[in-house]
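Visitor: In the order they appear, the protein sequences are chains R and L. Position 96 of the first sequence, counted from 1, bears residue number 96 in the working numbering, the numbering being contiguous throughout. Position 131 of the second sequence, counted from 1, bears residue number 131 in the working numbering, the numbering being contiguous throughout.
Each hint should be verified, as a subset may be incorrect.
Copies of the same chain are indistinguishable here, so a pair counts whether it falls within one copy or spans any two.
Below, in silico cross-link-like pairs of lysine-lysine (PhoX-like), each with a Cα-Cα straight-line distance of 25 Å or less [unchecked claim]: (1) 201 <-> 280; (2) 28 <-> 44; (3) 276 <-> 107; (4) 201 <-> 266.
Just so you know, these hints were derived from the structure itself, not from any lab.
Number of protein chains: 2
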Amino acid sequence: MNNIFVIGVGLIGGSLCLDIKKIYPKVKVYGIDTSNENLDMAVKLNLIDYKSSLDVLYKADLVLISTPVDVANKIIIDVLNNINSKSLVIDFGSTKTNICSTVDNHKKRRNYLASHPIAGTEFSGPNAAFSGLFNNKTMILCDTEKTDPNLLATAETIFRTMDMNIRYMDSFSHDKHIAYVSHLSHISSFMLGKTVMDKEKNENNIFDMAGSGFESTVRLAKSSPEMWTPILELNKENIVESLEEYIMNLNNFKNLLQNDKFGELKNQMTRTNYIKNILKGLR
Amino acid sequence: MNNIFVIGVGLIGGSLCLDIKKIYPKVKVYGIDTSNENLDMAVKLNLIDYKSSLDVLYKADLVLISTPVDVANKIIIDVLNNINSKSLVIDFGSTKTNICSTVDNHKKRRNYLASHPIAGTEFSGPNAAFSGLFNNKTMILCDTEKTDPNLLATAETIFRTMDMNIRYMDSFSHDKHIAYVSHLSHISSFMLGKTVMDKEKNENNIFDMAGSGFESTVRLAKSSPEMWTPILELNKENIVESLEEYIMNLNNFKNLLQNDKFGELKNQMTRTNYIKNILKGLR
């Protein structure tokens, strides 16, 4: 492993570089980003060694794509066209069906691996990157039967050395489940923040009355719209379905409340308390 | 301050006792609870010194009511009837209009202070109590013009010594604002947990795909149904209103998504990012 290229030097790309440099201490890391400011910052923070561009990709042993998902989907063909035949290309986006479909008939399809690390924070940009972000987190790899087995093995070794827990899934199932387990959480949080801010024009009421519970439920409303708008677009059908079920449950809860069905409300909350066991399993 | 009675020895009552014992090291703390098991635990954990009952309240210098809000509303008249004329009675429930209305014409109304500490965790019971829960948290005091000024001053001294930040509000405004800033968060979290658990019958999909974001947004779904069902009942009108606005925002978001209005979705998320500044103000 001599030359690694990272496209998108933000939270994910930057944190990946920090961990991979530990695995391959002599590797040279080249950064590509539409923001020259972010590239300069990434050099300053030692996330990358050099600024670079797509036309130099033929030198790459490994290409990491950690851009917003729409950008990844747009550049993946160019990336595959530019790499040499032994390169491994991995993308780290939160939706997988679309990009897997884009590359499906490319002659270098076997050089590509679709991944989604279940890791991140509500912060973004190279400044948000840190070593250890991926430690003990899940790494989902999709449609791995379409990736060259030797290149796949290289990727698996890297992720295991980063102490990640690898899971395998087809890209279609990935997008369906992730809509519920991740994308819906973000929307519920954004809309909760909006509802409260619309109502409480006087911010002092929020400052005075909000506790750690409010903080926890709206934390994801800090997330980057640049990252999330393309996710909404590329996983639209699944997200609409999950939103419809969430809204149905909320409407049902509201109707029970309006009709004084407190016993049934209590039963619903008691059954949902089972989430304690599920959250324990996350650790 | 010789004798303090705490009614309801759970997270709030138990944590209050720990802090107040530090302020008055010689005080005797008497606990009252419908659960004898909780009382025994509270003695064992040194939250209280003695088990007691409502008919001994005449000895109390201070009575702390930290039961579910429906219980507080039911027992407050008995409590006021049983105390001596110099006692201070404080309740710590999350809804205030109802209990203030219950005591409004009582001859000992001036012995009563309506409070709501913006503090808590998703855990409950005496085992969940800890010293420092209230440190640097907001304490909302309602309708204080109806409390005897000397007794109010005693309460203020206690809360300031506990490093709490006191705010004043009428009980009606309290219930209206708290529906948005606290109660709605709990419902959004319970229904998010329900939606995901209904969908993901195979828990492994949640274990594998859920990250810290999901954990944060469903944390409140661990909350106690025994505590929350009466809150829903006593603040029904305000909660229904907040739920309707939340559901309207979610429906609007879904419609924008279905109609490919990604620019407007991005604008909404960008505006909601302003929550960053509000959350900073909480610290």
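Visitor: Determine for every hint whether it applies to the structure shown.
Guide: Hints and how they fare:
{"no.": "1", "hint": "201 <-> 280", "verdict": "between (38 Å within a copy, 17 Å between copies)"}
{"no.": "2", "hint": "28 <-> 44", "verdict": "within (15 Å within a copy, 61 Å between copies)"}
{"no.": "3", "hint": "276 <-> 107", "verdict": "neither (47 Å within a copy, 45 Å between copies)"}
{"no.": "4", "hint": "201 <-> 266", "verdict": "between (32 Å within a copy, 21 Å between copies)"}
In the structure shown, a violation is registered for the earlier hint numbered 3 alone.
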